[in-house]
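Asker: The chain contents come next:
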Amino acid sequence: MSRVAFGSLIGHLRRTPLRRNLIGGLIGLVVVILVLESVSPFRQGQFATMAYLGIAVGGLTVLTGLNGQLSLGHGALMAVGAYTAALMLHDVDKPLPLPVVMLLSVLVTVVVGAVVGVAAARLHGPYIAGATLALAVAMPGIASFFGDNLGGEQGLSVSTPEAPGWFADAVYFLTAHDVTGTKYLAYVGWIGLIISFVLLANLSASRVGRTWRAVRDDEAAAELAGINVGRARVKAFVVSAACAGLAGGVMAMVVRIAAPSGFPLTLSLSLLTAVVLGGLGSLFGALIGAALLTFLPQAVTGLGQSLGLGDLQSAQLAPLVYGLTLVLVILLAPAGLVGTIRNAWRRRQSPDTAPIHPQQEAMQ
Amino acid sequence: MKRWTKQMTRIAGLITVGALVAACGAGGRPSSGSSSDTAAAEVGITKDTVTVGATFPLTGVAAPGYSEIPTGAQAYFDYVNANGGVNGRKIKYIVRDDGYNPTTTSEVTNELVLKDQVFAMLGALGTPTHSAVVDFLNSEKVPDLFVSSGSIQWGNDPKAKPYTFGWQPDYEIEGKIIGQWVAKNMPDAKVGLFLQDDDLGVDSEKGVRRYIDKQIVKVAKYTSGNTDVAPQIAALKASGADLVLGFNVPAYTALSQLVAMKLNYKPKWFYANIGSDPELIGSLLSKFSEGAVGKVNPLDGVLTTEYIPGVDATDNAWVQLWQKVWDKHGKDGHLTNYRIYGMSEAYAFVQALQAAGKNPTRKGIVDAVEKMGNDAGPPLAPFRYSADSHLGISGMRVVQLKGLVADPLTPVLVTDLGAAPIKEDDSAAKDGPPASGIPEVKPAG
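One line per chain: the protein sequences are A and B, in this order. Residue numbering for the first sequence follows the working numbering, beginning at 1 and increasing consecutively. Residue numbering for the second sequence follows the working numbering, beginning at 1 and increasing consecutively.
I should point out that these hints are in silico values taken from the structure, not numbers from a laboratory. Please read all numbers here as calculations on a predicted model, not as lab measurements. A virtual CB, placed ideally from N, CA and C, is assigned to each residue, including glycine. Check before you lean on any hint, since a few could be wrong.
[Stated by the list, open to error] Pairs of lysine to aspartate or glutamate residues, derived as EDC-like cross-links and limited to a Cα-Cα distance of at most 16 Å, are as follows: (1) B:K402 with B:E306; (2) B:K442 with B:D375; (3) B:K141 with B:D367; (4) B:K221 with A:D148; (5) B:K266 with B:D300; (6) B:K161 with A:D91.
[What the hints assert, rightly or not] Each pair of labels, with its calculated beta carbon distance range: (7) B:A238 with A:L320: 46 to 52 Å; (8) A:S350 with B:S139: 53 to 59 Å; (9) A:V92 with B:A235: 34 to 40 Å; (10) B:T49 with A:A119: 55 to 61 Å; (11) A:P319 with B:K287: 20 to 26 Å; (12) A:L320 with B:D426: 46 to 52 Å; (13) B:A238 with A:Q313: 43 to 49 Å; (14) B:Q117 with A:D217: 49 to 55 Å; (15) A:D148 with B:K287: 32 to 38 Å.
Produce the entire structure from the sequences given, and follow the hints as far as they go.
Answerer: Quick look at the structure:
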């Protein structure tokens, strides 16, 4: 290969979203390592929680923000992923390698997501929400009905997998710290998050992403332009379900159990609130939303207790503050935290242009 | 756009290089084996405090009743602290809400163990919720004392869970005791079982069937969360069962009573201890029926069991102590059976802490609890703790509710898992608390 061709290839790569996203992912990885190595084990656990919520919210924000489908059933899809992982990690002496477990969680959830997606593609707006809501309500019943295999009400306990030797050595080589169970799970979660976010960002910048936006903005126009609307919707749902499956798999390991009571309707709803808080369609917003879901309740409860409130009042303070935050964000920053800041930034850069629709371009 | 990318690439490069340079100091592992077990001060213990953690449903569906347990324990610890604490150490009791959701239990238990650095967990409530953290607590070597659940998994395998101890009589021995009582006193009854579809139902059914397998005409199971129990009660009615044994949580006692009233089904009811608190059931019933079921106590005449004296036994020395403690240190509300439950766990914890000696360690308190048996305490029957079993209280007595008062029908009956015989043992029921109200246990040798 000649030097000129190589140079132009580099130049070409630099211009593509793939390149941009990979660099973003690498920076993310460095930040994750720096953060995880410098915080306490308790915070590492919280970051693991944030990672799985982030993956699920990321998948949901793509579905809702880019394709305009509202799902109230993502908690149930997470449950599918979690139960798949739990079945493979429950009372086994030699569990499969973790990437295989995660991949199977994703695959099983994709199958379920495809079935639901096909049904959802025939519906519009609130009807999709209703259909997916039914999924979220039915999920605990399924786990109880197949109680012999799925553990019923008590669920399946998950033995936390140990970090493989090469991984522990690699982390030790870089950071001079040993890998504890919690830290390992946080790494697993964040690596999963980075991989899925790079893929999602790529997808959204690709032809597929453009068809999703076209379908969201005007179905008739999209169909006239030769886009198969139904197929685009199912595709978006399946991608989103894959994220929920991965999130569920990580969740099962972080929580160490997959039980029906761990997947209440409020889980699906809080994923949606995280999407709204961060900004519809924005992956960075999804991270912000997941961070709020993870850190806010614990911080508020702690604050309540340090202010001398009783245990019960402190516990009740958390949902109150979260609800107020949500109301305030919707009132003051209707495009979500990230969306509003971005719009303000754009207005400062070029005051003439009207604010861009919050959902557009948000994926970059 | 291109310049921006270029800049970002440079920044990314700088960060990466910086991180690598900063971190490469480690390189390989040190070859000398460093000993990690330096006997530093025990986690959660200082010169003048002992920190204890607990998780309870303070909010959500499981909160009524259960959220009162930690207020009772807190009141007793306040009482002990006001009297100088244990070996000069005040007990700091941190309660966190899990809303009966195992995901939250996992998060708040992480917080208690890793951030608040508790010495031990005390009385964490719920079977599915606590299953999520029991392995974590054992791998972190945190004493996990007196789990507020009757599942046998907390105590039947101390080798797998050396730091976990059960508290109340497990569901299997309760099933056995109830089964034997029915076989003896109502041998002609056609028995229907009303079961919660988890360890509670499964273990109890196993115990009951040991004695009255042939008398059972129908088994109806419900899943918690589904509030419609009409099909189950209708099935019991259709089977002609004239004695229904309910192994269910309080909300389902109220629901089953309501549905039975609607269907005009009037069998003899026998509820397991966990679902039979008359005060709570009364308030739930009037709530569920929107006031239609008023002040009449629907549990009048119902059979149940008890393993610690309840609020109705006002002349019992233990209850008098609890009343004194609650009057002095209780917050809102009055003394209830749930608060007594919490106080009894707190009392047992103080006993264990005293037995662990002047400078308690996590391992030390586990060893001390294994030797705890016949020390005077509020339970009616002795504990079963030993190196081979971490199961809790060994028995209970059958009682009949007359109004809000429990009228004993049998002496205290004690037994163990499997084929262990049921024996009468009133020894632990006759003791009373020391005059100070604080246990006086000598360190276990």
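Asker: A separate judgement is required for each hint: does it hold in the structure or not?
Answerer: Hints and how they fare:
no. : hint                           : result
1   : B:K402 with B:E306             : holds, 14 Å
2   : B:K442 with B:D375             : holds, 10 Å
3   : B:K141 with B:D367             : holds, 13 Å
4   : B:K221 with A:D148             : holds, 14 Å
5   : B:K266 with B:D300             : holds, 13 Å
6   : B:K161 with A:D91              : holds, 15 Å
7   : B:A238 with A:L320: 46 to 52 Å : holds, 47 Å
8   : A:S350 with B:S139: 53 to 59 Å : holds, 56 Å
9   : A:V92 with B:A235: 34 to 40 Å  : holds, 38 Å
10  : B:T49 with A:A119: 55 to 61 Å  : holds, 58 Å
11  : A:P319 with B:K287: 20 to 26 Å : holds, 21 Å
12  : A:L320 with B:D426: 46 to 52 Å : holds, 50 Å
13  : B:A238 with A:Q313: 43 to 49 Å : holds, 48 Å
14  : B:Q117 with A:D217: 49 to 55 Å : holds, 54 Å
15  : A:D148 with B:K287: 32 to 38 Å : holds, 35 Å
No hint from the list above goes unmet by this structure.
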